[in-house]
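Trainee: Residues per chain are reported as follows:
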Amino acid sequence: MLEARELTKAFGGKPALRDVSFKLEKGEIYGLLGHNGAGKSTSLGIILGMVAPDGGEVFIDGVSVQKNRGKALRKVGAIFEAPAFYDYMSGWENLKILMGYSSGFDAKAAREVVERVGLTKRITSKVRTYSHGMRQRLALAQALLPEPELLLLDEPTDGLDPEGIKWFRDFILQLREERGMTVLFNSHLLAEVELMCDRVAILREGKRVFEGSVNSFRDGIPCYQVTLEPWEKGAEIVRSLGGEIIAPNRISLPAAIDPAQIIERLVQSGVKVRELARIRRSLEDLYMEILDGKGSPN
Amino acid sequence: MIFFQQLRGELRKLFARPRTWMGYGAFLVMEAVILAVYKLERSQQHMRGLVERNGLEFGTYYSSLTITFTIMLLSMFLLGSIYFALVAGDIVAKENEDGNLRMVFARPITRLRLLAVKYTAVCLYTFSFVFFVGVSGYAMAVAAVGWEGGLFVMEPKMKVFAAYPDWWEGAGRLVLAAGGIGISMITLSSIAFMFSCFKIKPAAATIITLTILFVDMILQGFPFFKPYESWFVTWRMSAWVFFMEQHISWPKIIESYAFLLGLNASLFTVGWLAFQTRDFKT
Numbered sequence: 045m046l047e048a049r050e051l052t053k054a055f056g057g058k059p060a061l062r063d064v065s066f067k068l069e070k071g072e073i074y075g076l077l078g079h080n081g082a083g084k085s086t087s088l089g090i091i092l093g094m095v096a097p098d099g100g101e102v103f104i105d106g107v108s109v110q111k112n113r114g115k116a117l118r119k120v121g122a123i124f125e126a127p128a129f130y131d132y133m134s135g136w137e138n139l140k141i142l143m144g145y146s147s148g149f150d151a152k153a154a155r156e157v158v159e160r161v162g163l164t165k166r167i168t169s170k171v172r173t174y175s176h177g178m179r180q181r182l183a184l185a186q187a188l189l190p191e192p193e194l195l196l197l198d199e200p201t202d203g204l205d206p207e208g209i210k211w212f213r214d215f216i217l218q219l220r221e222e223r224g225m226t227v228l229f230n231s232h233l234l235a236e237v238e239l240m241c242d243r244v245a246i247l248r249e250g251k252r253v254f255e256g257s258v259n260s261f262r263d264g265i266p267c268y269q270v271t272l273e274p275w276e277k278g279a280e281i282v283r284s285l286g287g288e289i290i291a292p293n294r295i296s297l298p299a300a301i302d303p304a305q306i307i308e309r310l311v312q313s314g315v316k317v318r319e320l321a322r323i324r325r326s327l328e329d330l331y332m333e334i335l336d337g338k339g340s341p342n
Numbered sequence: 003m004i005f006f007q008q009l010r011g012e013l014r015k016l017f018a019r020p021r022t023w024m025g026y027g028a029f030l031v032m033e034a035v036i037l038a039v040y041k042l043e044r045s046q047q048h049m050r051g052l053v054e055r056n057g058l059e060f061g062t063y064y065s066s067l068t069i070t071f072t073i074m075l076l077s078m079f080l081l082g083s084i085y086f087a088l089v090a091g092d093i094v095a096k097e098n099e100d101g102n103l104r105m106v107f108a109r110p111i112t113r114l115r116l117l118a119v120k121y122t123a124v125c126l127y128t129f130s131f132v133f134f135v136g137v138s139g140y141a142m143a144v145a146a147v148g149w150e151g152g153l154f155v156m157e158p159k160m161k162v163f164a165a166y167p168d169w170w171e172g173a174g175r176l177v178l179a180a181g182g183i184g185i186s187m188i189t190l191s192s193i194a195f196m197f198s199c200f201k202i203k204p205a206a207a208t209i210i211t212l213t214i215l216f217v218d219m220i221l222q223g224f225p226f227f228k229p230y231e232s233w234f235v236t237w238r239m240s241a242w243v244f245f246m247e248q249h250i251s252w253p254k255i256i257e258s259y260a261f262l263l264g265l266n267a268s269l270f271t272v273g274w275l276a277f278q279t280r281d282f283k284t
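From first to last, the protein sequence lines are chains G and Y. For the first sequence, position 35 matches number 79 in my numbering, and the numbering has no gaps at all. For the second sequence, position 159 matches number 161 in my numbering, and the numbering has no gaps at all.
With the rest of the complex left out, here is chain Y:
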């Protein structure tokens, strides 16, 4: 019971920060920009070509669901990675830098419990934020093109191509994908969280996390590493795209998320060990 009270306190802190709300604002602006690009004649022609080349009807797939999918894909890649690394990188390191931790350490809470509370807050925040992006993106798309239509998905990197003319099926796949993105993004947050537990500046935790992920992504693209692509974190993080396949390949999805779960647990453990052995001078 006390854990939930502490968790509520941690979430309250997170949402009381002006920066948190600025983050929500930034995502809304980004969604609006993506939507505006979608409305451009040239973009529509490009999409028409893509859809019709596959023997599908453009009118069915130029829809709020397809736009929401693109919004989630682009905003998570372009802004989500930075934002989640920033939030998770701050969660311990910033409190140490600001001196808040010494106030907390005057309380009878163990370091493991403190980290468990903070990590749970980060995970919940990350996961729910992805749904915020999905819901707000969909609301904007509905306002721009109406609610009807199917879902068109083309993700060449993961070799996923699918079309769902039925709204319900498309929406269901989108919800599953949002859940998958949420879990994938928790891995990014876990890396930043681990570095945040080290004796390090909050900005450094964010930068190191982003560097690791970008290097991972670049190396994954090298032909030499093609046979080993499943060992790359960013490849595993992209497993959510498999929810979009016509026939969902559950073993592939479970394997990737088991990999990420194990990685997250390891990152938390390393962070905790580093945190446990640190001295915090008053």
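The following block holds chain G by itself, in its conformation from the complex:
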């Protein structure tokens, strides 16, 4: 559905993206992660043809955005963090104007989408009177008009309350379920990405340093919550046996190592083992490992 090939971009000589490639299959939700300035927004800008890449190309359904932007974006919807509408106009008028830039305004389709995002009662109010949550709903409505096949979400849940975040997540998952919509989700809310995405890519300083499915890192290398006394000595023994320290009181062990062996060695060395429990490795663990430079680029 979407393919980014070797995207490269520098702003004022400073590289923002370096040979970044990724591919989204139809119906997939793909997360793009990274710290501020990692290149997430630049990637999105290139996908939408707002930023011209120094190298590389983006294809949507086989059509190059750089060569034929109009055709490539025909079935694309996008939502940005803090979406900017014409505040002095109503939500309905905003939809009319924005739809006009695509294939033209379809009142019936607009009414259906507005009802679906729960804005029917306020759609004729001026946007300046909307809360942040309502603006995001309006942003979602405009992104769904006319029916897109690919949805690009740039930090869409930033600033939403927990209820709003859950509503948004459920809505997107439902859309995928119903329409087989493909979604590129750009965020630094790791828990959200983990709950929504099938696969993720992590960008660091403009380079893609990880790509994999959410399940693969969840169920991959076993992780443990440990309480050792003294910690430093215990950590050294864990390392000597091929384990890794993910975070304070968190270790990962190669699948081949039996945790009982570790406990035995620790106890023999005079380290008190207060706790050792298997935990599921979260996206946050992986993300922190990669940002600390422990993760292996792929």
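None of the hints are false.
Residues on chain Y that point at chain G, a partial pick, calculated with CB under 10 angstroms: (1) MET3; (2) ILE4; (3) GLU12; (4) LYS15; (5) GLU97; (6) ASP100; (7) LEU103; (8) MET105; (9) ALA108; (10) ILE111; (11) THR112; (12) VAL119; (13) THR279; (14) ARG280; (15) ASP281; (16) PHE282.
Okay, the calculated bits of chain Y under chain G, using three or more residues with CB under 8 angstroms as the criterion: (17) 5-11; (18) 18-31.
The set of hints was computed from the structure by calculation and includes no laboratory data. Remember, predicted model here, so these are calculated numbers, not experimental data. All residues carry an ideal CB built from backbone N, CA and C; glycine is no exception.
Take the given structure of chain G and dock chain Y to it, following the hints.
Mentor: Only chain Y this time, still in chain G's reference frame:
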């Protein structure tokens, strides 16, 4: 068809802004002030002297048509230039500053099409606004001095002097002049529009436009530049006054408006090229 739908959307945006209506209000106030000045005894004496020195009857030319002409001349020069530069300077730059453009760029519209829609909206707005000033100015003048009378025109800078005692002829010349002013003002809007396409603050686009035009006007007044006056934009923009001549000099008018048309096309092209090569980060 879709172009007209987009154009309608652009005009809707323009007219939904409170500032647009404040502009209309400001012009009405200005027209009222000019009218009030016209009603002063001293102003009337000055005009009487001017008209009678040329062997004409003051009663015929102290009229709604003459007042409308003065209103259009002064309000366009004093307020119109600022107002049109403000509107056209905002049309792209303000949307970029407010973040609206990124929403638009998520749509399959080309940058050229987007600019063409916006530029057409600016041109229509500018042109129609001049007629608003003319019609509202005339309505006020009729309320103050009645509808009858002829049209007296004296524009020393462009060396135009004319008197039309017949109302119909005077009104016809005034409508032609309004059309001419409308086209001239589009050039001002085009300059501001071009700067609006650059990576620039909206206020900067307005200020640069006004600076260019004022410098152009000042230089045009220097005796040294007298032989080259037809190369100055503001001189070409004043070509509408030629519609007021007893015998309309069409070649002079066509030459000036062809110059302005070419300039407008060049300004649009430069603006588009600058806009086309810009990166818009989300």
